[in-house]
Amino acid sequence: GENVEQHPSTLSVQEGDSAVIKCTYSDSASNYFPWYKQELGKRPQLIIDIRSNVGEKKDQRIAVTLNKTAKHFSLHITETQPEDSAVYFCADNNAGNMLTFGGGTRLMVKP
Amino acid sequence: NAGVTQTPKFQVLKTGQSMTLQCAQDMNHEYMSWYRQDPGMGLRLIHYSVGAGITDQGEVPNGYNVSRSTTEDFPLRLLSAAPSQTSVYFCASSYGRGADTQYFGPGTRLTVL
Chain A
1 GENVEQHPST
11 LSVQEGDSAV
21 IKCTYSDSAS
31 NYFPWYKQEL
41 GKRPQLIIDI
51 RSNVGEKKDQ
61 RIAVTLNKTA
71 KHFSLHITET
81 QPEDSAVYFC
91 ADNNAGNMLT
101 FGGGTRLMVK
111 P
Chain B
1001 NAGVTQTPKF
1011 QVLKTGQSMT
1021 LQCAQDMNHE
1031 YMSWYRQDPG
1041 MGLRLIHYSV
1051 GAGITDQGEV
1061 PNGYNVSRST
1071 TEDFPLRLLS
1081 AAPSQTSVYF
1091 CASSYGRGAD
1101 TQYFGPGTRL
1111 TVL
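Chains A and B supply the protein sequences, listed in that same order. Numbers 1 to 111, taken from my numbering, label the letters of the first sequence in order. Numbers 1001 to 1113, taken from my numbering, label the letters of the second sequence in order.
Hints are computed from structural coordinates only; laboratory data are not their basis. Misleading hints may appear alongside valid ones.
[Stated by the list, open to error] Under the rule of at most 30 Å between Cα atoms (straight-line distance), these lysine-lysine pairs were calculated in the BS3-like manner: (1) A/LYS37 with B/LYS1009; (2) A/LYS22 with A/LYS110; (3) A/LYS110 with A/LYS58; (4) A/LYS58 with A/LYS37; (5) A/LYS42 with A/LYS57; (6) B/LYS1014 with A/LYS42; (7) A/LYS37 with A/LYS68; (8) A/LYS42 with B/LYS1009; (9) A/LYS22 with A/LYS42.
Isolated chain A (complex conformation) (with noise of 0.2 Å):
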């Protein structure tokens, strides 16, 4: 089956460091790759996602980087804060099927 592989499991960076977490997916039908964000005890939200037409997507500090070709994409922090420290999730739609999602990478920015 689908399989999306995220690594690190967990990172810890100082704060204004920049955290780089990576994702693989195994589909190449897949189309739509989004990140999500989970504070402890609360539910995950949509932080950045990237369509397949497209290589890299910015917003503010966050942006993805997608490469088709090697089936794997980015998620790019740049000058962490106190306030980033949680787990994020990728996960890709499975040839446009419901979101299979990765093991979850726990970032802790220290400040």
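Dock chain B against the given chain A, drawing on the hints supplied.
Structure of chain B alone, referenced to chain A:
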């Protein structure tokens, strides 16, 4: 709009008991789904619905039933609770099938003793 709502927020069951987790959305979304989230793990799809009267299985459907009699409601039934079903359950809805923002409910934390 209230968005996606879930009840109850917390529930403790004994092995073998049955119960229904409620989910409702007021955004007129066609697509609704149920996920479970185990500690330290990602979200796994249990069941989903593409519209009233239509449901389908996800990755981990065993032990759960769903129905979709209205666009707004998508209840999840645990038939005979087992300790392995201890988890946090999230309901989600979206306008489109697989390429639209999923809006999640606040979750139900279920413990099966």
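Hinted pair A/LYS42 and A/LYS57, Cα distance within 30 Å: Holds, because 26 Å separates the two Cα atoms, which is no more than 30 Å.
Distance restraint between B/LYS1014 and A/LYS42, which requires alpha-carbon spacing of 30 Å or less: 26 Å, holds
30 Å Cα cutoff - pair A/LYS22, A/LYS110: Within the cut-off at roughly 21 Å; holds.
Holds or violated: A/LYS22 to A/LYS42, with C-alpha atoms at most 30 Å apart: Holds - the C-alpha atoms of A/LYS42 and A/LYS22 are around 23 Å apart, at most 30 Å.
Proposed proximity, A/LYS68 with A/LYS37 (alpha carbon, max 30 Å): 23 Å, holds
Straight-line alpha-carbon gap A/LYS110 to A/LYS58, limit 30 Å: Holds, at about 24 Å.
Restraint check for A/LYS58 with A/LYS37, where alpha carbons must lie at most 30 Å apart: Holds. A/LYS58 to A/LYS37 sits at ~16 Å (cutoff 30 Å).
Hint consistency between A/LYS37 and B/LYS1009 [alpha-carbon to alpha-carbon, up to 30 Å]: Answer holds: A/LYS37 to B/LYS1009 is near 20 Å, not above 30 Å.
Distance restraint between A/LYS42 and B/LYS1009, which requires alpha-carbon spacing of 30 Å or less: Since the Cα atoms of A/LYS42 and B/LYS1009 sit roughly 12 Å apart, the hinted pair holds (cutoff 30 Å).
Comparing the model with each numbered hint stated earlier shows that all of them hold.
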